[in-house]
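Visitor: Sequence:
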Amino acid sequence: MKKFGTKVIAGALALAGLTATVATAQPAAYEPASVLVFPYFDSRPQNATMITVTNTNSDRTVCADNDNLRVGDVRVHYVYYGDRAADIDAGRANWLEFDRFERLTPGDTKTVLAWTHNPEMEMGFLSVRALSPDTDEPIAFDHLIGSAYMANAALDIMWDYIPYAFQAVGDVGESTCGHPIVTDAPGTRFDNVDYVAFPDVLFLDMFFQERAGLFDNKFVLMSTTGQDYINETDFLIWNNKEDRFSRTHKFVCWTSIPLSKVSQVVKNLNGDPNEFIVQTGWLKVNGRRVLDLSGNPVVSGDFANGPALLGVYMQSVRSEFQSGHELHFDGSQNTSLPN
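To convert a position in the sequence shown, counted from 1, into the working numbering, add 599.
Since the hints were made in silico from the structure, they are not lab data. It is possible that part of the hints are untrue.
[Stated by the list, open to error] Computed cross-link-like contacts, PhoX-like style, restricted to lysine-lysine with a CA-CA straight-line distance of at most 25 Å:
hint : residue 1 : residue 2
1    : K883      : K817
2    : K602      : K840
3    : K849      : K883
4    : K840      : K817
5    : K860      : K849
6    : K883      : K860
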């Protein structure tokens, strides 16, 4: 168990001379990739998150340099970032990392319950990266797909989402089975040099005007900044008459809140009442600044353009219907995770 701090990684890109943008690649939507990032898991009592990772490479050809391996074999590194829900809600979370390794054979799929796979924490986010099964080097293996299903303790499915998929770019050598080795540097760098970059902005295409017990929601944001920094984010909110409202929201590491915690305007959109049977809106989220815990701006390394964010959204109707999904996105921003 390690603390999730990124002070060393934060400046790594600048020190390595990698701050320049090589391309404007983004995560791939619904495509296989070498890294999957799940912005949300929930392992509180009476809750269960089922994490599935599937290897779409079914090549069973024996590797030329190791006859115990096949081309489609892969070792998968799960890194959970989180803490207990009560500490997160109280703002005193000691953000931690907990990791596991799993082997996926060609065409294999594996589903785990987050609370048994990771017994150390209740809520947070997860990254999954492809490694060479014999050397643990990160490899270009754009064959991983996955999903996260939220359920109650009886495993009744409530809602689900698809992880963000980051394809490999780097090539510093070749693995035993002929896959490009992505990097020989520590950490997971989303910089269009090792893996494609994070998005720059996020969008939620629609939400219902919030009304307790009728239209409730959960908005989740994760960042890569670690527990030593504050993420300052800009929210632009529109109703269906194109009226725009702006708000700023701050959080450390990760947050899961109703939209009304960002702005009370979502409870009274004042849009066109004749357009639909209920009021609807949409929003845009941009990471504005990274601050230290004293409130001072931090502009070094991959914090120069503000926090890098990913998120998911869940809409519920009368507590009988729940539907979740990842967010739309645009732009490109360099960032990194420590593992």
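Visitor: Compare the structure with each hint and give your call.
Guide: Status of each hint after checking the structure:
1. For the suggested pair K883 and K817, the alpha carbons sit about 16 Å apart, so the restraint of at most 25 Å is met.
2. Distance check on the hinted pair: K602 and K840 sit about 46 Å apart at the alpha-carbon level, beyond 25 Å; violated.
3. Only pairs whose Cα atoms come within 25 Å are accepted, and K849 paired with K883 is accepted, the gap being roughly 15 Å.
4. About 24 Å separates the Cα atoms of K840 and K817, which keeps this hinted pair within 25 Å; it holds.
5. The straight-line distance between the Cα atoms of K860 and K849 is roughly 11 Å, inside the 25 Å bound, and the hint therefore holds.
6. The straight-line distance between the Cα atoms of K883 and K860 is roughly 16 Å, inside the 25 Å bound, and the hint therefore holds.
Of the numbered hints given earlier, the model fails hint 2 alone.
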